[in-house]
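Chemist: Next come the chains, spelled out residue by residue.
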Amino acid sequence: MTKTPLFEQGRHLLSVAQFDRRTLARLFEVADAVDPIAKRDGVCTVLDGAMLGSLFFEPSTRTRLSFESAFLRLGGEVTTTTGFTFSSMAKGESIADTSRVVSGYSDVLVVRHPDEGSVAQFAASSTVPVINAGDGAGEHPSQALLDVYTLEKELATRGKTVDGCQIAILGDLAYGRTVHSLIRLMSVYDGVGFSLYAPPGLELPKAVGQAATRRGHALEIADTVADAVRGADAIYATRVQRERLPETHQAAVTHGDLLNRAILAGAGALDAVIMHPLPRDSRPDAFDLSTDVDDLPGLAIFRQTDNGLNIRMAIFLTVLGVSTEAVRLTTKQRPWKATLRA
Amino acid sequence: MTKTPLFEQGRHLLSVAQFDRRTLARLFEVADAVDPIAKRDGVCTVLDGAMLGSLFFEPSTRTRLSFESAFLRLGGEVTTTTGFTFSSMAKGESIADTSRVVSGYSDVLVVRHPDEGSVAQFAASSTVPVINAGDGAGEHPSQALLDVYTLEKELATRGKTVDGCQIAILGDLAYGRTVHSLIRLMSVYDGVGFSLYAPPGLELPKAVGQAATRRGHALEIADTVADAVRGADAIYATRVQRERLPETHQAAVTHGDLLNRAILAGAGALDAVIMHPLPRDSRPDAFDLSTDVDDLPGLAIFRQTDNGLNIRMAIFLTVLGVSTEAVRLTTKQRPWKATLRA
Amino acid sequence: MTKTPLFEQGRHLLSVAQFDRRTLARLFEVADAVDPIAKRDGVCTVLDGAMLGSLFFEPSTRTRLSFESAFLRLGGEVTTTTGFTFSSMAKGESIADTSRVVSGYSDVLVVRHPDEGSVAQFAASSTVPVINAGDGAGEHPSQALLDVYTLEKELATRGKTVDGCQIAILGDLAYGRTVHSLIRLMSVYDGVGFSLYAPPGLELPKAVGQAATRRGHALEIADTVADAVRGADAIYATRVQRERLPETHQAAVTHGDLLNRAILAGAGALDAVIMHPLPRDSRPDAFDLSTDVDDLPGLAIFRQTDNGLNIRMAIFLTVLGVSTEAVRLTTKQRPWKATLRA
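Chains as they are written, first to last, in the numbering used here: chain S, -19 to 322; chain D, -19 to 322; chain B, -19 to 322.
Excised from the complex, chain S in its bound form (with noise of 0.2 Å):
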């Protein structure tokens, strides 16, 4: 892939390598602008007329809603497409063809794939902007800039800043997308202290870990999820999948979970920031995220998904040009609440 230009309007959205300081503080600054219409304090009309066309080539129902969801907020209209092909596409349609065709029907495109490098194909073809939802082991950058963004938000509200932060990040470092594209992310920023914990066999690649400390970033392998909490200002966990691993490591999250209550009490991080891009597993011994941590203030990961309605707004307002100015003029008041009585 040749190297894609910063991400601003006219721009497919296709990797976080799109974004340097000043574009990712753009990018949070309409994100904040657009918290009353995420919140439903007001109704925006400003997409009135724009299309949305998402096509989800593999299912990822939450990630789909999501931009949907962000999408109609803004009073622009959706058309869904799921499913692993185009029944045109079965027929031999390539993805050049299809991308050409579906773009005249729409004012933008969210697209899901499976492989590697395909949304970029299909970026190529369109005439309109194409916004990468996930495309197999590649990128999922609307993930990683609400990721961000919530870490920003939350640390701030502890008075401190992502600049000279500590995170710990534990799981699957190996596979997990959403943490490589996380990190990649982070070198717009200074002096990030990051405390590694994955089971063995599921440890981050060098590449990856070899960016970071190139920018200038601190990284430090734990031996136990308890090294790794401990000091953190925040904590990032992620999903392990046990069928990834080979046999003979499978026995280190055959039980108990990855992190949970107890693990963070011993390791004096009770007050830490906590997220997770979810699905969490809830299951007994699925070795995740436990639910014995919902209470404790500081869990962030239900702030988390929904900061993925103001960043996936941002996204659309960049990409067609629209102003936070524009947005607030077309804003009113609504005369229906969706509060849930006590």
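A few of these clues could be false.
In this list, chains with the same sequence are indistinguishable; a pair is considered to hold if it fits within one copy or across any two.
To be verified - Derived lysine to aspartate or glutamate pairs resembling EDC-like cross-links, with alpha carbons at most 20 Å apart: (1) K317 to D143; (2) K133 to D0; (3) K133 to E96; (4) K317 to E(-12); (5) K186 to E200; (6) K317 to D28; (7) K71 to D237; (8) K19 to D0; (9) K317 to E305; (10) K317 to E96; (11) K317 to E38; (12) K71 to E38; (13) K312 to D28; (14) K71 to D265; (15) K71 to E200; (16) K312 to E227.
Honestly, the hints are just simulated from the structure, not real lab data.
The hints should help you fit chains D and B onto chain S, whose structure is shown.
Modeler: Below, chains D and B alone, put in the same frame as chain S:
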């Protein structure tokens, strides 16, 4: 399940037990008020910017379309998910996590699920109101509500009321969830007479019948369909699912109709209101309601399904706290006509 | 099927036989008038509150997206159902009952079904207009309409008309529903010359050819693709489905292209308008239209699919009785831009 509170703004709708006479009357007033919108005489935008999350974990196309159309006709937007499981739930995500995440994208959720009690579980973690669209052998409250609404309206055109009426209920009374909910919801009325006919093996569960008689209603078991419908003001017929019957009882339902014109004529009941929850099995010897009654003026089965739009609009307006006055102020003429030419 | 009336407000659209020269001209005028909306230069709300029921009993993603986008671009709302059968139809529900129920939720229905004649059956019980989006070996009228619309527009840019033009039709002429509808719809024009090429075993049915010659058109069978395209103003190529051919005839279509740049150059036809209903099979030796023609200015296959939006908007406006003046009055500027940066 603990006692669910009466249905009003900011509440989940999980069970017909959430209605007393006053709550029901209020819902029906709203259903009447939105009739011009249901009948396409006006276009309403009161739910502008509101988002319905339509979650059908088991297929039920007509129920889904009815809910979605009702929400769209009020000016809202819809995201749809169908299929047995969320991709995330297959990865071990709990109902609680799924519910918390998805409710963050929506202002109200409609949930259908094959397992009894699962919709209530879903509601427990949702941040927005949840409407039960059927949970297995459990409840399907909007169906019972539209049934009773139809019964009231149909009887009213004959100068009758549900209080004191005689109603025949035919077919599968053992497994038919709609029949149980209907009889239970009828407990808010006075002096109803039920005459029941079920093929052997499909009789009404004792508890359901006792609830009706304890409430003071008369309940009579008929030996034949003719006996059941004789003197009835209204007839509620349901599909018999042959595969549910023991081998020894299948002979009774292997040919002919459950109800047809000849039976009605013989029992002097050609003028009765005829209802059916649909779908109606129209295959030969399906032992269901025959199509030879389709030109009887009392056949209300399609008015019944049309009334579903009114009831579901009323449910959404109630739960989101929107007054009929707000509806009136946001309803306008439309420049298009959907009328078929003769 | 009895003779269907000319296409106008309040009518179903089931067949190309519903068009005479005047009806066709009127539809194309509307298609021209909505071009600014199709091209995203304006946002239209004329169908505010109107509901399209999109029912695809067999998959056809591009046709579905084109119809849905067309309706949404006019300001309407869409409910979508895809899949081989309705859950209710699996339970023995008749097409008549399904149609009556679903039409109660919608203002217009678009129906795709694998069985010939089934869409007309559906229409017979619907309370709102039904648009045929393809019924097996039957009709697919909107495709033929967009084909002829494209042909008129493309020829007009060369100072030519469909009257008196020479058109080559290539590929599967035996089973290609679109080819039959196209030739049938061409009967409203005068003095058209057809030159046909089909691999052995895939020749045009006699009845379709005779209808054209009876109308006064010239019809010639060519031995090679080169012969067919020589002197053609426009070329309509279609995909050959190898599996439809008898074993003995497959050799003719097992390698190379149906049409490519070399054939066009050899026949002096590099300037011709090139059309294709898509999808195009781009796998090696697919015996379809080669991608080596993609940079020819006459290649109209993507303008053709884009024109589908205009035609489908025009169909909806006609059937719902909306004037182009009403469209103009409800079209406004938009604050967003879908343009890709160079």
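Chemist: Please go over all the hints and tell whether each is borne out by the structure.
Modeler: Here is how each hint holds up against the structure:
For the homomeric pair K317 and D143, neither the shortest alpha-carbon distance inside one copy (39 Å) nor that between copies (35 Å) is at most 20 Å. With identical chains, the CA atoms of K133 and D0 are at most 20 Å apart within one copy only, with a shortest distance of 18 Å there and 47 Å across copies. With identical chains, the CA atoms of K133 and E96 are never at most 20 Å apart, being 31 Å at best within one copy and 40 Å at best between copies. With identical chains, the CA atoms of K317 and E(-12) are at most 20 Å apart between copies only, with a shortest distance of 12 Å across copies and 35 Å within one.
Taking identical chains as interchangeable, the C-alpha atoms of K186 and E200 lie at most 20 Å apart only when both belong to the same chain, with a minimum of 13 Å there against 68 Å between chains. Taking CA atoms no more than 20 Å apart as the test, K317 paired with D28 passes between copies only; the shortest distance there is 12 Å, against 22 Å inside one copy. Proximity of K71 and D237 under a CA criterion of 20 Å is satisfied inter-copy only: 16 Å between copies versus 46 Å inside one chain copy. Taking identical chains as interchangeable, the C-alpha atoms of K19 and D0 are never at most 20 Å apart, the minima being 28 Å within one chain and 34 Å between chains.
Proximity of K317 and E305 under a CA criterion of 20 Å is satisfied inter-copy only: 16 Å between copies versus 25 Å inside one chain copy. With identical chains, the CA atoms of K317 and E96 are never at most 20 Å apart, being 42 Å at best within one copy and 29 Å at best between copies. Taking the closest pair of Cα atoms, K317 and E38 never come within 20 Å of each other, the shortest separation being 34 Å inside a single copy and 29 Å across copies. Taking CA atoms no more than 20 Å apart as the test, K71 paired with E38 passes in both settings, with 18 Å inside one copy and 15 Å between copies.
In this homomeric assembly, K312 and D28 come within 20 Å of each other (Cα to Cα) both inside a single copy, at 14 Å, and across copies, at 10 Å. With identical chains, the CA atoms of K71 and D265 are at most 20 Å apart between copies only, with a shortest distance of 13 Å across copies and 44 Å within one. Proximity of K71 to E200 under the C-alpha cut-off of 20 Å is found in neither arrangement, the shortest distances being 50 Å within a copy and 30 Å between copies. For the identical chains of this complex, K312 and E227 are neighbours neither inside a copy (58 Å) nor across copies (63 Å), given an alpha-carbon limit of 20 Å.
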